[in-house]
Every structure is written in structure tokens, then in C-alpha cells.
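So the protein lines, in turn, are chains A and B. Residue numbers for the first sequence follow my numbering, so the first one is 1 and each next one is one higher. Residue numbers for the second sequence follow my numbering, so the first one is 1179 and each next one is one higher.
Bear in mind the hints are in silico, worked out from the structure with no lab data behind them. It cannot be assumed that every hint is accurate.
To list a few chain A residues with every Cβ distance to chain B over 10 Å, as calculated [to be verified]:
#	residue
1	Glu22
2	Glu596
3	Ile852
4	Ile1085
Here are some of the chain B residues that sit facing chain A, going by a computed Cβ distance under 10 Å [claimed, not checked]:
#	residue
5	Lys1234
6	Glu1249
7	Lys1261
8	Gly1263
9	Phe1357
10	Met1387
11	Glu1417
Pulled from the structure, derived: some chain A residues nowhere near chain B, Cβ distances all over 12 Å [as the list claims (entries may be wrong)]:
#	residue
12	Pro28
13	Val199
14	Thr253
15	Asp429
16	Val432
17	Leu555
18	Met601
19	Asn602
20	Leu610
21	Lys626
22	Lys759
23	Cys849
24	Lys913
25	Glu1138
All C-beta atoms in this analysis are idealised placements derived from N, C-alpha and C, irrespective of residue type, glycine included.
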Amino acid sequence: MGQYLTIDGNEAVAKIAFKLNEVIAIYPITPSSPMGEWADMWSSRGQKNLWGTTPLVQEMQAEGGAAGTVHGSLQTGALTTTFTASQGLLLMIPNMYKIAGELTPTVFHIAARSIAAQGLSIFGDHSDVMATRAAGWAMLFANSVQEAHDLALIANASTLKSRIPFMHIMDGFRTSHEVSKIKILSDDNIRAIIDDDLVRAHRARGLTPDKPVIRGTAQNPDIFFQARESSNLLYQEVADIVQEYMDKFALETGRKYKLFDYIGAKDAKRVIIMMGSGAEAVEETVKHLVAKGEKIGLLKIRLYRPFSVEYFLKALPKTVETLVALDRTKEPGSIGEPLYQDVVTALAESKKDMSKVQVIGGRYGLSSKEFTPAMIMGIFTEAKKKKAKNHFTIGIVDDISFTSLDYDATVDIEPDSVTRAVFWGLGSDGTVGANKNSIKIIGEGTDNYAQGYFVYDSKKSGARTISHLRFGPEPIHSTYLITKANFVAVHQFGFLERYDILANAAKGATLLLNSPFNEKQVWAELPKEVQEQIIAKKLELYSINAYEVAKSIGLGNRINTIMQTCFFAISGVLEKDEAIVKIKEAIKKSYGKRGEAVVRMNYAAVDASLENLHKIKLPKKASSKKTMQAAVPDFAPEFVQDVLAPMMLGDGDDLRVSALPIDGTYPTATTKFEKRNISLEAPVWDPDVCIQCGKCVLVCPHSVIRSTIAEEKEFATAPEGFEYADARWQGKQEQKYTLQISAEDCTGCTLCVEVCPAKNKSQVGRKAINMEPVAPILEKNRQDWDFFLSLPEVSRIDEMQFNNVKNVQLLEPLFEFSGACAGCGETPYLKLISQLYGDRSVIANATGCSSIYGGNLPTTPWAKNKDGRGPAWSNSLFEDNAEFGLGMRLTIDKQVEYARELVIRLKKTIGAKLADELLTCKQIDEKEISEQRARVEKLKAKLKGKKSSEAKDLLSLADILVKKSVWIVGGDGWAYDIGFGGLDHVLAAGKNVNVIVLDTEVYSNTGGQASKATSLGAVAKFAAGGKATPKKDLGMIATQYGYIYVAQIAMGANDTQTVKAIREAESYDGPSLIIAYSQCIAHGINMAKGMDQQKNATLSGYWPLYRYDPRRKDEGKNPFQLDSRKPKISFKDYAMQENRYRMLYQTNPDQADELMAHAQEIVSERYQTLVDLAKKGK
Amino acid sequence: MDLKTKYLGFELKHPLVASASPLSSNVAGVRRLEDANAAAIVLPSVFEEQIEKQDKILDHYMDFGTHSFAEALDYFPEPEEFKVGPSEYLKLVSEAKAAVDVPLIASLNGDSPGGWTNYAKLIEQAGADALELNLYHISTDSSMSSSDVEKMYLDTVSEVRKQVSIPIAVKLSPFFTAFAYSAKEFCNAGADGLVLFNRFYQPDYDLDMLEVVPHLVLSNSDELRLPLRWIAILYGQIETDFALTSGVHNHKDVLKGLMAGANVTMMTSELLKKGVGRIDDILAKLTKWMKKRDYESVMQLQGSMSMKHVADDDAFERANYMKVLQSWKEDPTGKMY
């Protein structure tokens, strides 16, 4: 009897990979990161592989680096692997050719994912693996979590025997992240399949000076070709070898696999051929239809490369009339997608007469697009036609090139024996965690099978999660979302006003609400549309005020255990008492290691849940006065109404092809239309206490706090009660100052309250800005906010210098309401840059958090001013961002040069005075830039209608004569690791680019993996035992060039220095590098105290503030200025405020002490170096 | 000179005990105290809140931000185990126990019954010779009566008593309406000794920042008089051991404590200020003083000036208060205020 576990695909694969390797080189990339995380964690715990030794796990700086390391490790004879996806796999391609060319056994485990094209997508399809087809690797596809576990072993065995390297592929997210009950292979199972002689043979081929050989020679035209053909026979043997291991595996485990697995009618006329998780849904559908007499079938491909025509033909029913090749990828410009072409070729080459078979190819499921039985039936219906549509798409409506097939979306084939439950929650309320727990309870505690799949939001703060759980007596093959749920839980009452949650509730389903209203009030508080659906579908309604229960127990807003208990109490999945026992067992298991207090708290939650759960008696008629809210206001632009609004509502799947931009170009400034209302509290201004310092405006990560000054007459039409005060600006005392907050956009982080220095003299606990409940002030707040936006902007050409926080607060931010985490440490810097230079900036943004909150649809935060100007933003890749930004600079430089040449050439047309002014204006401040803009308008007016090519060219280039600012934005993963080579080169190139590194000291976006910016002693993923090496000193490296402006800043430590550094960097006509301390939830801190923690970092000497300005050398001054004072607190004082350091004391205190002492030495040493540098002359 | 005394069933070589302080917060420090001749050592207090909050904070941050975003389902590697509860403290107890021969008294600080009291058992298992239970509660809730607070305290002592078989000393504050009665009740609930008194660290105001700030002031000899008086009152009334803490800085303070009835006197501030070498200095002066006056042993003077044994027991009662007031004379110069 094997052990059953409920785990996801990543863990299922990592378990085998860890067992069968000696060296593992890793680099994080979604959705494969967890495989590396598991391997690293097991290695740090000293777990053993099959041969009783702990694999070495090495994080690399990039996937290219990981592939190189793997290659070297393989060449010296170690069993070696890596895990990757998408662009990561693409970066490995050069090494993959080498590894295959040298006939090196290895398995790369891939969570297949889309490749960024018109946009990035983290979700699953086969674009990445299909891009590597020519590298000479075997490609083995697993369609489910169980298969991913099993085929990982078969791939390893086969590569050792065949010497052909394998890609073992599962679908990103659908398999890698699906939690499923699977049978785990024991060490005995693995031993039975793996031949140690083959392992030793691999080792024997390793490079060693004891038996020296040379490999990797340079070959010439005389022999390269022949040598390339020399391994052909090995490729021919792969199919037999894999099948041989599959047969051995079947004997060992009872689970049978074939290279081409056929399911369906023996005399099938219509057959789908495909690989990947979609095959599970097809299998389910085929079985359903064959039972009804349909002559259809499915041919599942396991081994896609080398493609065995022989096995393919053997498996294909001879009766087939139409063969549908489904590809989960797209190759624009090709005759058809890869599988289609292979099938056509295979049939064409077959000696048997298969010419009558109609082959059609179709694309499905790109970027994890749903692939359902309804769609599959649509395909089989199409395949009935004698001239079926070829090169079709399914699952979308293509109203441009009309590739899509129609289908009846209402079809549902799921059996009644399967419990289908959907939970709508917030990321922060613990819903997903609780559901994963429930799956374990049912999957591992009963005979039932269980499946869980989780859909996440595109925002990081206030993120919505939807959990799809299935439980049933048979293995579950439904690789698609639930559309007819018999249990629906809504953990956030507000969702009912925004999303059509009950659309997917089955008749008679149970509905569980977490309601802030009591059992008598709850019905009346539901929107009418919801009431109507509840009555029409005859739902059973239950309600609990889970937040109240959680609060009373000390669980804060974690309602996970409470809602989980309610689910078990009313869903009937398990008998209630049995369920309660099992929940408590699970609590002990999950939380036991976090201490008894935590366990007790959760036990209390279980008991309190049952006491507070109420069944609601339903009236016969809907009577609510409330209705569901529109996603966006009526005045939103058409594109927002028609395209972005459906995406916000979760209806993006229904958008037709024609609705979408063809080249990935989207309007900016759209977050303002998505009022998310995610915080129950928002700051409220107290003008009597306020000193108008602007600190709250500066630190607000979501730009919801704005201020301005204006003539008093401007306030004449202000809504009643609109607050303003006398302006506290020298020379502007007659004007009025106002500070306003957009409560609907606030995430409730409270950074503003924390930084506010002004205390109420009568109640020192209150400040000039205080958190208040949103509900009572919402309507008034909307009016005030709208009025505020109608006030005139502060003139940028005013005598006021925007060189300090107080003045900068008045500038309009052109970065607003992003989806960044509440309390994000990165976004205040970006907002500040947008205030200062947003109207003339081009931004290159490395992939990472800032590209996600900056560019993840549906709505994006980079905004425009009233003149329609604002940052133009783009994301290329992770690794190339510095180069991408340099490219932008080069364009601008070239265009400026050409435009200036044209101005000279067209001087007569333009007029000498205007031409000279255009050419000589240095544009060193806002006034000059404004004047240049006016000149450019004059220039355009003069050029308008001119017919010469030069005049037309100059007209098209005129705007470039206004100075542009190029910003290269990214995180530490990019700057310190994957993009460092490029960054170094770009900085060294000497061009006028401004680089800002938002340094969170980990790969925040992929879940906190260590980078070279991670500090010594900090625990991070891939540094589970605490990072043993110090943080790379990127700033000091850059200063070595002598001509790069370098600054290290921390807004919370010294906001004046931050403003100064950004202004100096931008004004420097050369490369600038700003390294900005950015607190992050991956630090495990109270985010409200983020700015305090920045201050502590500087006070401890860990994050000294400095500026290196090469211009000062010309003035005979020391270019280096140390802006922070000598340390006042120890590094430990700073570090112990953060879980990343503290947790090491709770796992390995001796190691923690040692690392902390070492970290202090490094901090002191580095600080002294800076002191010495500052003391030096020029 | 026979300096031996008994405390919590242990025969101590003299009556100077190093009380809970940063000096005993690690094994090296504990060893230093033994080398400096401390008769017994009290380890720093492990707080109920410290244990529970630390675990809850860990729990909070391990889950914070998790399962919210598809690319980052969590932010920290999940270790195989955490050293939760008082694990670090237990490590200190067991290592310190192995390092020294003098009695080692662990200290647990809390104020109400609850699951945390089983930490006492873990502390016993780790090797502590005795347990000092530090009851420290600031009663800010106006709906909570003095009897509620006392009941909570007594329940706590009973609960801890059930957990361990090693001696328990209860460390108390002086703020009880009927202290003598309460002291007796604590002994009935299972205390083997009373440690008098706990010092309350009062917060201060920072006038620049308009903030309430913690403020630690080390004790001085003046603070001796409160525990001195109460030990003198209770000695002979309640059959228990007494430890005098707060304000013990020199041999005279020690003598006074012993004469009032203390089995031992405990020192922190003096050792922090002037170093652990003060133990031997004080012992030398204590011996000299006793020799000069022909005392033979510490036992001989213990309780010799308790209320029971002084001629004028009014000195400890209300009458003494009047005497103090009456002893005040108006400043004839008018300059003092």
C-alpha cells in the first residue's frame, strides 16, 4: 500500500527530483518556483536522496546561469536537475543544445507557461516547451498531478538509459498548482525503476583529470555535419526505452502508461490527439459520450519528442475519420501548430493508407484559458463535418479571423457524486489556506478523492481569491473550474454587490455568507439580484459574522478556521462531529509547531463558529432596496466601459478578439476608474492640527492622499464641509491649503498616520491625519475628492522650487491607485518620480512587483495630467531591463539629434529666433521646459501644412525637442542578479539614463527568494538557514566607474535626502543609479511601521545614506557625501523588528547569533569605509 | 562565622542570592555569578506574554500576505520545527543547571491561569531547582474588583502548583488591600516562599515627542524599607520562607532583611552597577559586623527584629505612621520650601 497525499503538482514533481539528483541548480520563476523552494528546504533540513546523501542546491543569478551550472555539473558526472518555465526555459536553450549534443542524461522539470508576447502571462500553456523542440531533448508530458509524480521517475530512468536529456512537462498552474490526492512512490518503487549501473555509467563519463578527455571542441565544416548525425540511433531508441520503463512502472505500481494512450470507442470515427492537463477533461468527456454511444476517442501523447510515428499509428484506431490535433500554443505564421504538423507529417509518411483521415488542428487553453467539456463537445461536433474547420480556436470568440468554434457553454457533465464547492475570499482572510487544509482533511483522512484549484486576483492588496474544491469517491479528472457548485461560500460580504457570484451556484445549493450583519438583518442587506437568485435556485442560506468571532478570539481578520468549520458543519461532506475532530487534528498538525497558544486560539475558533452559525429563513420574494454596483462609473471612457470593466468583473473570458488591442498597447490612467473600496478605514484630515509638511502625501503608497494650495476664490464652489486652511508657505499666506483623501482607493495601510509628526495638543494619540471608518464618510468623501480634482494644479513654473518634501507634495502624482500591497515600500518612490518628471518620462520596467502593480490588467496606475501628458511605460523582460531602457535613451538621443539638424536645415521656414531658442534652451528647470514646450507648439504651427519631407519629419519629431527623462525601474532580483551584467554595461555606457533599484532584498514578486541583495542573517526562500554571505554593495561597485551618479536612499530615514538624490540623478547628464530601501511584506514586518523600519535601517548603519555626484569633482569637491550619521542602534536592534531575521532565532538560535554577530561586523566595517570615503579629499 | 541559611528547602552557604537580571540571562553569566559566590541564582523571568505573543507574532508573519497572489503563495520557507513556547528559556535552564552547582531558580511571570502555566512543568523538566512565580498585573479594568484580581492570582498559583513538585516562591507586589491575609492565601495555594517585593517600572513622558516612554531606574537602599516592614510583620505569622528583594545594596541592608525575618536577600541593581564582586565585599562586611557584635550565625539573627520579636510592635503598625508624621518639624529658616 502506497501512501496517499494531497499535494500540488510542484511538490509531487519535486519529491522525485530531489530523490534522484545530487546537484540542483535553481532560479525562481512562476509557476515553477515552488519546485526549487521544496528542494532547497529539504536540502536545508538534510533530507536524503535515494542514495542516502543530501542533494546540493544552488540558487543562481538567472535561468541561463542555472543551465550553465547544470551543464557543468552534468559534465563532471553528478546527477543534476533544474526547474523552470517560460522565459526561464528560453534562457536555457543554448545550454540545452549542448547538453543534448553531448548526450547527457538529465531531466528538466517544467511547469509550462506562456511566453510574453503582446503581454506577459504567468499562466499555463505550451509556448515555452514548444520553443525548445529543436534542441534535441525528449519531451514527456504529464497530464495530472499523479502523472507528474510518476512520469518524473520514468523520465529519470529513461534519460539514464537513453542518454537523451528529458524535459518533463506539466501544465503551469492547472497541474503545478492544483492540489490533488495522489499515491506517493516509495523509495522501493523508485529503486525498482532506477538502474544504479546507469548512474555509475553517467558518473564514469564525467570529466576528471584522472582520465582526461576534451569535450566541447570547436568543429569545422569538414566534420560538424557528420558529428551532428552521429547520435541518430540513440534518438531512435528513446521510444522503446520509455515504453519499457512505463511497463516496468506498471508492474511496480499498477499504474499503466503508454507513449500514446488511447481512450474511447474502439471504432471511433472522431479522435482528439493532445497532451497536457486538457487531456483529462477530454478523457472525462469522451467517457461520458462513449457511454451514450458516441464513436469518439482521445489519443493522449506522453512522449512528444522524439515523436514515434510507429507508436502513434499503432495506438490510433483504424476507424478514425477525423483526427483533431489540439495545440496549447500558437505559432503565428506557421501552417499549423507543432502537434498538428507532426500528425499531418506522421500520417503522410505512414505506409498504411491514412490519406482519407481528415486532420484538423486547433488551438485551445492559451494562458490557462478554460478548457471545458462544453468546449470539447463543440470540437467533436465540428469534427463530424466532412469539411471541418481547420486551424480553429476554441474557448474564445474570434470575430476578426473567425477561427473560433461555437459551443454550448451550458453543458455540464459532472456526476452528482462529486461535491463541488466554490469559496470567494480575500487573500488576507486565509480562505485559500483553509481550503488547502480542508482538502487534506478529506483527501488524507477519508477514502474520498479531492481536488483544489485556486484563482487569484491581479492585485496584491485587497486581492480576491476564488477556491474551487471537488470531493468524490472516484479520482477527479475535471481540469476546469466549477460551473455548477453545490456549495458556495462568500467570505467577503461586499463581493455580493460587485460580482455575480451565484451564477455558478447549482439549484438547491448551500450558500454560506460571512456577514457583518446579524441573522435577522442579513437578508435585507443582500442586493436584490442576489435575493432573486437565492429564491429562484432554492438555495439554503447560512450566515455567520466571522470577523466578530475572529476578533473575539484574537485571530484578527483571519477567518479561515471559522469559515472552514462552517463549511464542514453544513456541507455534509463529512459527518459533523467527525469533521470537527478532524479539523482539530488538522489544526494541531498545521499550527502545532507554532506553539500551543496558536493551537488554542484556533481550537477556540472552531467551537465559537458552531455557536454563531445561523440558518436564514428565506422569504418568498426579493424585496431588497440595494442593487449590484456597476464596475466603473458612467463617465469612464468607452474602452474602459467595454473592455476593462468586464475584466474587473471577472467576465474577461467573454471579450471578443476584436475588443482587444492587436499589439498590446493600452491606455494609461485607468486605475482611477476601478474604485475597489477595500479598506474599512481611511485617513481623515484634521486641518487644525496639520503643519502642512507633506509627509503623509509623500509616503502614501497608493497616491490616495493629495494636497494643493489655491486662491480662496477657487474654494467658492466647494461642497459643504470641504476642509481647507491658510497656506503655510512663505509669500503664499493668502492662499489656502487643502489635503484630501480618496477613501475608495485607500488600502488602509496607515503609513500616513505613522509618519505624521503633528499631534493633537489635547489628545496626543490623535494626529493631523487619523484613521476613521469609511462607511459613514464615503459619500461626502467622494464629493470632496471630485471637487479636489477640479481645483487648478499648482503651477510648475512658479517661483516655488520643487526641491523639498513640503513643496513636492503639491505636485500631481502620475502614478496612482496601483494594486501594490498595502504599505508597499516601493511605490512612494515611483510616485515621487512621477510627480517630478512624470509628464516627460519614458519608463523601462523590469519584470517583478513593479511591472505587476504597474502593468497588470485590467487597470494600470501610470497616469496622465490635464494636458494628457504622463509616463510612457513598458516592460520587456526581467533580465534585459537596463538594456531596454538604454534603447529608449538611444532613440531619444538620435531623434533629438535629427530634430535639431532639421531645425537648422529649416531655419528659414521656422524663423531664426525660434530656431535658435529651440536649439539653445538648456531646459534645466520646469520654467525652461515649459517655455520650450511653448516653442515646440509654435514650431508645430509653423510646420503644419508644409509639404517638404523635412518639414513633415520635423513635425513628427517636434515633441522630442522637449527634454525627456528615461527611467529604468526594477527590483533587486533584476539589478543585483539576473540583470546585473546588462545594468553594469548600461551604466558604463555613459548615457543619460536614470536607474532606480527598488531594493526589497528578495525576489518579492515570486514569493521572497534570496537575491544577492539579501542581507546576511536574513531568512529567505533559498536561504532557509539564514543567508550566510553579506549583501552585495551595488552602489559602491557603481561608484568605481567615477562617472556614474550613485545614491543610496531611504525615504523613511531622510525624505529630504531622497528628494535631493532623485533630483540630482535626473539632472545629471549621464548614468545615474539610485538604490532605494523598500520595505516589503516578504520582510515579515508590520507594514504600517515601514517608514520607521527604514529609519532603523539607517540608524543601525546597515543602510547608510549617501550620494556620489561626479559633477562635484569638477568643482574640486569630494564626489562622495555621506548623508547619514554614525550608527546609534545595533544591527540586531533593527533586524529583530523583522520576521526574516527573528525566525532564525526560533529555528536555529546558535546560527542566528553567529550570523547576527557577523552581520554587525560587516555593517561596522562598511560604514567605516564610507566615513573614510567621505573624509577623503576630491 | 556560620552564614548558612535555608531557602525553599535548600541549604545555602550564605543569604545573598542573585536575583533575576540580565546578569543571569546566559550560561556564561550564570557561571560568573556562581564564581562570584552567589548562594543561589534566579534566572530572568520568562513572561507569559513573551511566550504567547512571540508565538502568535510568528504565526501572524508566517501567514501574512500568503495565498493572496498567484506568483507568491507565501514568503518564508517553512522550517521543520520552530523553537516555540519557552524553548529558548528551557535551553538556558538546562544548560545553566549543568554549568553550576548552586541552586538555580527559574522565574515565570504571568498574572492569570491558562494554558501557559504548563510551561512551569517544562521548566521543572529542564532542571530548575525551584520556580519563582512572578505575579505582575496592572489592573486597568475598572470593572475588575480587587477580589477578582486576588482570585486570579491565587488560581494561577494553584494551577502552577499542580504542574510541578519543585518549590515555588511567589513574587508579589505590595499593592494588596489586606496584604497579610493575601500572603497567607498564597501560601495556602501552594507557595513555599514569598519574594517581597516586585518593583513596578513606571513609564515616563517624553515632552518633546509627546510620547509615553519606558523608564528604568535601578533601586536604592531606601526601597528596602517596604519589604523590610512586611517581612517583619509576616515573619512568625505565616509559616513560609521569605526572600527580600528591592533595595539590597550593602551589608547593612542584608542584615536588616535577615533581622526582619528574610531567609535570603536578593540583589540586582547593586550587581549591575558595581559588578558581581560586590557579593564577596558585602559578605566580608557582613561577617565583620557580626563578628564585632559576637553573632555566631545568620540563623541567630534571622527574624530577631520581626514584629513578633521586637518589644514595640507598634513600630510596624499605624502608630509608626503617626510617629513619622510627628517627627517632622517645621523648617525654622523657611528656606526648605
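Each hint tested on the structure:
no.	hint	result
1	Glu22	holds, 21 Å
2	Glu596	violated, 6 Å
3	Ile852	violated, 8 Å
4	Ile1085	violated, 8 Å
5	Lys1234	holds, 6 Å
6	Glu1249	holds, 4 Å
7	Lys1261	holds, 5 Å
8	Gly1263	holds, 5 Å
9	Phe1357	violated, 32 Å
10	Met1387	holds, 9 Å
11	Glu1417	violated, 36 Å
12	Pro28	violated, 9 Å
13	Val199	holds, 28 Å
14	Thr253	holds, 28 Å
15	Asp429	violated, 9 Å
16	Val432	violated, 4 Å
17	Leu555	violated, 10 Å
18	Met601	violated, 7 Å
19	Asn602	violated, 9 Å
20	Leu610	holds, 21 Å
21	Lys626	holds, 28 Å
22	Lys759	violated, 5 Å
23	Cys849	violated, 9 Å
24	Lys913	holds, 56 Å
25	Glu1138	violated, 9 Å
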